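Modelling step: build the complete structure from the supplied sequences, incorporating the hints.
Protein chains in written order, with this note's numbering: chain A, 735 to 959; chain B, 13 to 398.
Calculated directly from the structure, the hints in this document are not laboratory data.
Please read these numbers as outputs of a predicted model, since none were measured by experiment.
Built from N, CA and C at the ideal position, the CB exists for glycine as well.
Wrong hints could be hidden among the right ones.
[Said to hold, decoys possible] What follows is a set of in silico ranges between Cβ atoms, one per label pair, in the way DEER data are often shown:
hint : chain 1 : residue 1 : chain 2 : residue 2 : range
1    : A       : N743      : B       : I379      : 40 to 50 Å
2    : A       : G867      : B       : K14       : 42 to 52 Å
3    : A       : T861      : B       : K14       : 13 to 23 Å
4    : B       : K14       : A       : D938      : 34 to 44 Å
5    : A       : Y875      : B       : R29       : 16 to 26 Å
6    : B       : L31       : A       : E798      : 45 to 55 Å
7    : B       : I379      : A       : Y875      : 28 to 38 Å
8    : A       : Y748      : B       : A266      : 44 to 54 Å
9    : A       : G867      : B       : R29       : 35 to 45 Å
10   : B       : L31       : A       : I919      : 40 to 50 Å
11   : B       : I379      : A       : E754      : 29 to 39 Å
12   : A       : Y748      : B       : K14       : 34 to 44 Å
13   : B       : L284      : A       : N743      : 50 to 60 Å
[Unchecked claim] No farther apart than 20 Å at their CA atoms in a straight line, the calculated lysine to aspartate or glutamate pairs in the EDC-like style are these:
hint : chain 1 : residue 1 : chain 2 : residue 2
14   : B       : K188      : B       : E253
15   : B       : K157      : B       : D191
16   : B       : K389      : A       : D792
17   : B       : K83       : B       : E251
18   : B       : K254      : B       : D55
19   : B       : K140      : B       : D162
20   : B       : K312      : A       : E764
21   : B       : K14       : A       : E854
22   : B       : K83       : B       : D124
23   : B       : K159      : B       : D124
24   : B       : K249      : B       : E128
25   : B       : K207      : B       : D169
26   : B       : K85       : B       : E120
27   : B       : K384      : A       : D792
28   : B       : K184      : B       : D124
29   : B       : K389      : A       : E754
30   : A       : K929      : A       : E952
31   : A       : K742      : A       : D955
32   : B       : K184      : B       : E120
33   : B       : K384      : A       : E811
34   : B       : K21       : A       : E839
35   : B       : K249      : B       : E84
36   : B       : K389      : A       : E811
37   : B       : K389      : A       : D896
38   : B       : K17       : A       : E839
39   : B       : K88       : B       : D124
40   : B       : K85       : B       : E247
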Amino acid sequence: MSAIIQVKNVSKSYWRNSLEIPVLNNLSLEVQEGEFLGLMGPSGSGKTTLLNLIAGIDRPSDGELTVAGTDIAKLSESALAKWRSSHIGFVFQFYNLIPVLTAYENVELPLLLTSFSKAERKQRVETALTIVGLGDRMSHYPKQLSGGQEQRVAIARAIVTDPVILVADEPTGDLDKKSAQEILILMDRLNKEFKKTIVMVTHDPHAAEKASRQLHLEKGDLVGV
Amino acid sequence: MKVLKLIFKNALRHKLRTLLTIFGISIAVIAFGLLRTVVTIWDSSVDATMANRLITRQAVSFIFPLPYSYKEKIEKVPGVNKVTFATWFQGVYKDKNNFFARMAVDPETMFDVYPEYIISPEELAAFKKERNACVIGADIAQQHKLKLGDQMVLEGDIYPGRWEFIVRGIYKGKNKNTDKTQMLFHWDYVNERMKVETPVRANDVGWYVVQIADPNKSALISNQIDALFKNSTAETKTETEKAFAQGFVAASGAIITAMNVMSFVIIGIIMLVLANTMIMAARERTREYAVFKTLGFSAKHLVGLILGESMVISFLGGGIGLFLTFPIVAGFEQAMPKGFFPFFYIEPITVVLASVATVLVGLISAIFPIHKALNTKIVDGFRFVG
Ligand SMILES: Nc1ncnc2c1ncn2[C@@H]1O[C@H](COP(=O)(O)OP(=O)(O)OP(=O)(O)O)[C@@H](O)[C@H]1O
Ligand SMILES: [Mg+2]
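In structure tokens:
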């Protein structure tokens, strides 16, 4: 099996008032295609930072980063944006839906950058919303939905372009037990049925159990389980 | 299409805030239009003057008269084409709020020196022939529904008594800014009555208007005229009509300058109002811009969203403001005493300036939020807490 995500000797520091804050130290990691990786660790250990690097919304200070066959550390800003839109689906803790757009319009958003026709877009949006079980909520606005439903809309938005990799940063962090469980079942289904490679950051050990492999991050270093 | 929809939805997120901003821009545009209109009226009343006309008045003050006998002497100065004269009669027509100019003039020369007052030869002949005939501007005729043959009665104040006139001519303006609000009648008619009633005031004229052949010689001719009457009991001061008009409104000149400055200050204020709204809106949407960028939307898209919203608000405000400027300027004119302004209209340049200002306000207000949105890293956008 080929590793779809290859993180090799990656370091990342942030600068705050000309003070260097090292977050990740010379970290290496491989994720195989079709894997469901659970990333755990205490607050401030660098989980989000690592996820952002893999997803191409941040750049490493040092090291190599090959994702879905592309050396993304070397891409220009606009090439990286294009790469993201076709390879990565994003799920965030706070859903990050656009409040003035309906569920349908939110899910359609990433497709506006593609060359799909209106009819093709419609078909894809409806399919994605049906997969997450919200086929009957398309014209609802985010504030008319429950937290769990909002997160499902966000997941529909993440899968509508059919990306190979899904990254999720504490997708159940803001949800009650029941909704969280539904989201985890959905993630599991996306992994098993739709063959998505998933990297999920979570604090919740129960959530991490859904993953096929768990990794712990401690002060910027990986500790396997 | 989608983007336009999103722009409108964004603009309407805080309906009250957006409405207040639009309202603010409208009011500013109206104020701008009104101020500019008053400023252009002043400018064009100076522009309406002719370079080939000199005004000779009493040296001490405009309110003191000059002897009628000066006419012949001025006519003899080399370079002088024609001399006419006028006297400020004032009086009351119907009620005190009718402010138009009423002057006793020389019927023989008046319309030669003022070719911008257009009158038909028949009407002019009728005017010259009849002692108590008068000619009125088309605006006055329209305002008071006067036609040829109608009687106009003035209650004299400077020249006491009841004065009856018959309208024998109505003049039109050659240019848009020609004053069409005057009433002109025979100086002789007034003077004859003065000879009988108050002989000391007989044979006086208010000022002379001197038509010269070459406008470049105005300074020289002015000096020559004034030299004629040096050391007499009524010394004169001669200047171009333009200089005279400027001096006449010198006091208001300072106010006009202030209005001029104010009109542009107002544009600056709306810029701040809209910029403030846009900065607030963009700040609230920091996370959303991070989402857009994450999904692959480019700088071009974000510029479109922010600039679009700024433009929508400024266009709505500017459009409503411009639209309302016309009735409000008209209302303003109505509210002023009749004939207070000889003419009152919104110059096309005012509309152009207001439109340009509206576009600029929209553009400039978007610059800062755009800069901010483009230069915020995605990860920082997500970490942002409003
Ligand atoms: N954009 C940034 N600018 C400056 N410092 C940052 C930035 N992002 C993260 N950091 C710092 O890097 C460290 C790791 O942050 P990160 O968000 O990756 O942690 P985390 O493991 O996701 O924590 P949590 O569980 O609280 O989400 C923290 O000390 C954080 O303050
Ligand atoms: Mg985190």
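Are the Cα positions of B/K17 and A/E839 separated by 20 Å at most?
holds (11 Å)
Holds or violated: B/K389 and A/E811, Cα atoms, limit 20 Å.
Roughly 11 Å separates the two Cα atoms, so the pair holds.
Given the range 28 to 38 Å, decide if the beta-carbon distance of B/I379 to A/Y875 lies inside it.
Taking Cβ atoms as reference, B/I379 and A/Y875 lie about 31 Å apart, which means the hint holds.
Hint check: B/K384 vs A/D792, CA-CA at most 20 Å. Holds or violated?
Satisfied, since the Cα-Cα distance of roughly 18 Å is no more than 20 Å.
Does the structure keep B/K21 and A/E839 at a Cα separation of 20 Å or less?
holds (12 Å)
Holds or violated: B/K88 to B/D124, with C-alpha atoms at most 20 Å apart
holds (18 Å)
For the pair supplied as a hint, A/K929 and A/E952, is the alpha-carbon distance within the 20 Å limit?
violated (29 Å)
Assess, step by step, whether the Cα of B/K184 is no farther than 20 Å from the Cα of B/D124, and give holds or violated.
At roughly 15 Å apart (the allowed maximum being 20 Å), B/D124 and B/K184 satisfy the hint.
Does B/K85 pair with B/E120 here, judged by a C-alpha cut-off of 20 Å?
Measuring from Cα to Cα gives roughly 18 Å; hence the hint holds.
Would the pair B/K312 and A/E764 pass a check requiring their Cα atoms to be no farther apart than 20 Å?
violated (35 Å)
Check the hint pairing B/K254 with B/D55 against an upper bound of 20 Å on the C-alpha distance.
Between B/K254 and B/D55 the Cα gap is close to 11 Å, so the pair holds against 20 Å.
For the range 40 to 50 Å, tell me whether the beta carbons of A/N743 and B/I379 fit it or not.
Since the Cβ atoms of A/N743 and B/I379 sit about 42 Å apart, the hinted range of 40 to 50 Å holds.
The structure shown violates the earlier hints numbered 2, 8, 20, 23, 24, 30 and 37.
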